[in-house]
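Construct the complete structure from the given sequences, taking the supplied hints into account.
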Amino acid sequence: MSESLQGAPGACPRCRSTATIAQSKSPVAGVWTIFGCTTCFYTWRSTELEENTNPDKYPRVFRLNPAQLATLPVAPIIPPLRRP
Amino acid sequence: MHAYQDLREFLSVLEHERQLLRVTEKVSFEPDLAAAACALTKIGETVPAILFTNIAGCTDAQVVMNVHGSWPNHALALGMKKDAPLREQFFEFVRRYRQYPGELERVASAPWQELVTEKDINLYELMPLFRLNRGDGGYYLDKACTVSRDPDDWDNDNVENAGIYRIQVKGPNRLGIQTVPQHDIALQLAHAEARGEDLPVAIAIGNEPLITLMGATPMLYNQLEYKMAAAMQGKPYKVVKTAKGLDVPWGSEYVLEGRILGRQREMEGPFGEFPGYYSGGHRYPVIEIDRVSHRKNPVYDSVYVGRPWSELDYLQAMTTSVPLFVQVNTTFPEVIAVNALYTHGLVVIVSTKTRYGGFAKAVGMGVLTTPHGLGYAKIVIVVDADVDPFNLDQVMWAMSIRVNPASDIVILPNLSVNLLDPAGQPPGMVHKMIVDATTPIAPDIRGDYGEILDTPEGTDAWQQKLVALIDSLKK
Numbered sequence: 001m002s003e004s005l006q007g008a009p010g011a012c013p014r015c016r017s018t019a020t021i022a023q024s025k026s027p028v029a030g031v032w033t034i035f036g037c038t039t040c041f042y043t044w045r046s047t048e049l050e051e052n053t054n055p056d057k058y059p060r061v062f063r064l065n066p067a068q069l070a071t072l073p074v075a076p077i078i079p080p081l082r083r084p
Numbered sequence: 001m002h003a004y005q006d007l008r009e010f011l012s013v014l015e016h017e018r019q020l021l022r023v024t025e026k027v028s029f030e031p032d033l034a035a036a037a038c039a040l041t042k043i044g045e046t047v048p049a050i051l052f053t054n055i056a057g058c059t060d061a062q063v064v065m066n067v068h069g070s071w072p073n074h075a076l077a078l079g080m081k082k083d084a085p086l087r088e089q090f091f092e093f094v095r096r097y098r099q100y101p102g103e104l105e106r107v108a109s110a111p112w113q114e115l116v117t118e119k120d121i122n123l124y125e126l127m128p129l130f131r132l133n134r135g136d137g138g139y140y141l142d143k144a145c146t147v148s149r150d151p152d153d154w155d156n157d158n159v160e161n162a163g164i165y166r167i168q169v170k171g172p173n174r175l176g177i178q179t180v181p182q183h184d185i186a187l188q189l190a191h192a193e194a195r196g197e198d199l200p201v202a203i204a205i206g207n208e209p210l211i212t213l214m215g216a217t218p219m220l221y222n223q224l225e226y227k228m229a230a231a232m233q234g235k236p237y238k239v240v241k242t243a244k245g246l247d248v249p250w251g252s253e254y255v256l257e258g259r260i261l262g263r264q265r266e267m268e269g270p271f272g273e274f275p276g277y278y279s280g281g282h283r284y285p286v287i288e289i290d291r292v293s294h295r296k297n298p299v300y301d302s303v304y305v306g307r308p309w310s311e312l313d314y315l316q317a318m319t320t321s322v323p324l325f326v327q328v329n330t331t332f333p334e335v336i337a338v339n340a341l342y343t344h345g346l347v348v349i350v351s352t353k354t355r356y357g358g359f360a361k362a363v364g365m366g367v368l369t370t371p372h373g374l375g376y377a378k379i380v381i382v383v384d385a386d387v388d389p390f391n392l393d394q395v396m397w398a399m400s401i402r403v404n405p406a407s408d409i410v411i412l413p414n415l416s417v418n419l420l421d422p423a424g425q426p427p428g429m430v431h432k433m434i435v436d437a438t439t440p441i442a443p444d445i446r447g448d449y450g451e452i453l454d455t456p457e458g459t460d461a462w463q464q465k466l467v468a469l470i471d472s473l474k475k
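For the protein sequence lines, the chains are A and B, in the order given. The first sequence begins at 1 in the numbering used here and counts up by one. The second sequence begins at 1 in the numbering used here and counts up by one.
For the record, the hints were derived by calculation from the structure and aren't laboratory data. Please read all numbers here as calculations on a predicted model, not as lab measurements. Among the hints, a few may not be true.
Stated by the list, open to error - Here are the simulated DSSO-like pairs of lysine-lysine, each with C-alpha atoms no more than 27 Å apart in a straight line:
1) B:K296 x B:K244
2) B:K353 x B:K82
3) B:K296 x B:K241
4) B:K26 x A:K25
5) B:K465 x B:K82
6) B:K82 x B:K26
7) A:K25 x B:K81
8) A:K25 x B:K82
9) B:K475 x B:K82
Structure below.
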């Protein structure tokens with residue numbers, strides 16, 4: 001297990017942002033913790049395979065740079081406001 | 001025909017029919033749950049649902065998958081015998097679909113109102129969430145009915161919508177939702193956003209099997225899924241109104257109430273999607289949840305989405321074929337049946353009688369112009385009435401014998417398709433193709449077909465006799 005169960009998630013495996021938090025802990029104490037990245041919204045559980053928890057093992061094809069987020073396509077488009 | 005009151009009743013029927021597998025050994029959320037559900041659909045098309053009750057780190061979590069993931073389970077969901085052939089399920093589905101509308105039965109309370117959370121909502125604690133595929137951006141609610149109304153026509157029940165949309169859990173009370181332009185909810189969201197408002201939603205998880213099928217059915221905008229479910233089950237559909245006025249199934253396990261935030265988009269995805277590819281990341285609408293209700297000891301229902309075939313393909317099988325058939329058959333009563341089982345109807349096979357030369361191509365164009373066809377129906381294969389569109393041996397025979405590419409392939413350039421079709425160029429646009437695999441008839445005199453083979457006298461009687469004899473061999 002690469003992460004502490006005490007709420008220290010480290011960098012996001014996907015975008016390497018350090019804006020990460022512990023979202024919840026297992027009902028049976030000490031089994032797993034769910035972490036979340038507040039930059040790219042990636043979510044992972046401490047007990048998942050390293051390809052989902054360790055930034056160095058995370059598949060390159062799914063990695064993100066936080067700068068990319070603002071360039072992703074928007075769907076559906078936001079319509080113009082109606083005139084009052 | 002049977003009206004299941006909730007998921008629990010359906011699971012007990014599946015168990016009685018030996019179509020439910022309980023896994024009591026300890027499993028991990030990842031990768032066990034998705035791997036087992038994926039493996040099930042590789043085994044065959046008669047496999048059971050699978051219920052996990054001993055998940056590492058949990059005290060009482062119950063997760064069920066593959067509830068719809070076989071033809072016997074699909075038949076039982078419709079209240080038919082579990083060995084009902086595919087073609088029979090199609091025609092029975094059509095018969096009931098044409099009974100629309102059934103009625104709503106509004107009641108004051110429901111079991112899902114037993115436990116309510118309104119403060120410090122944390123969906124990660126309230127539900128057994130988990131990852132399906134390694135590249136998914138997070139944990140998804142992928143089998144929930146999302147209920148919404150049209151802000152421009154709020155009190156009109158017929159345009160209320162209960163649809164299955166993919167929803168990513170992105171924070172304790174924050175979700176992302178995919179509303180592609182062909183979906184009804186996208187129209188409602190556009191109306192809310194033009195008004196500068198949020199769109200109230202209720203997300204119902206763990207439902208009896210029929211409303212899940214209806215939520216996956218591309219019916220017309222002014223057809224309400226609950227009224228179709230009522231027609232399909234031959235009994236009024238029981239719903240409960242939320243404080244915001246949204247109708248929610250009486251039998252749901254969990255109900256999340258909240259709002260799609262008007263005029264906001266945010267990173268969502270990727271998610272392994274129905275075409276068998278990851279969707280990529282987009283900026284999609286955002287939902288904030290204000291209230292979570294659930295039963296005691298709730299059962300969490302999820303669908304594994306993978307490279308076809310998976311459970312999702314059963315959910316999108318008859319539910320795609322039947323509305324396409326009903327809509328095309330209204331214009332062309334010569335149409336006999338529609339098979340849109342493949343990838344939500346990106347490929348459609350239509351069998352039809354033909355009245356004169358060129359007729360089959362017109363039927364093909366009719367499929368393209370149905371509401372669902374606008375976003376799917378990339379390839380339409382039209383076969384004669386003597387070909388069963390659900391029997392691919394027969395379809396391939398028709399393709400091999402009744403097609404001359406010189407005149408039987410029609411390409412229509414630059415038409416609309418679902419954004420998730422990876423072949424789109426740009427995404428959302430594609431050429432479409434009609435393959436006329438019917439026998440040319442006058443005045444379209446082409447080919448030299450002569451006399452078609454029939455069967456020797458007595459073949460049908462021999463078939464019946466031999467089936468019985470072969471069965472006796474197995475005893």
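These are the hints, each one checked on the structure:
1. Of the supplied pair hints, the one linking K296 (chain B) and K244 (chain B) holds, its CA atoms being roughly 24 Å apart against a limit of 27 Å.
2. With a CA separation close to 31 Å, the supplied pair K353 (chain B) and K82 (chain B) exceeds the 27 Å bound.
3. For a cut-off of 27 Å, the pair hint linking K296 (chain B) to K241 (chain B) stands: about 20 Å separates their Cα positions.
4. Of the pairs offered as hints, the one joining K26 (chain B) and K25 (chain A) holds, with about 18 Å between alpha carbons and a cut-off of 27 Å not exceeded.
5. Distance hint between K465 (chain B) and K82 (chain B) is fulfilled; the C-alpha atoms sit about 23 Å from each other, no more than 27 Å.
6. The hinted pair formed by K82 (chain B) and K26 (chain B) fails the criterion: a straight-line CA distance of about 30 Å is larger than 27 Å.
7. Between the alpha carbons of K25 (chain A) and K81 (chain B) the distance comes to roughly 44 Å, so the proposed pair goes past 27 Å and is violated.
8. Under the criterion of a C-alpha separation no larger than 27 Å, the hint pairing K25 (chain A) with K82 (chain B) is inconsistent with the structure, at around 41 Å.
9. Of the supplied pair hints, the one linking K475 (chain B) and K82 (chain B) holds, its CA atoms being roughly 21 Å apart against a limit of 27 Å.
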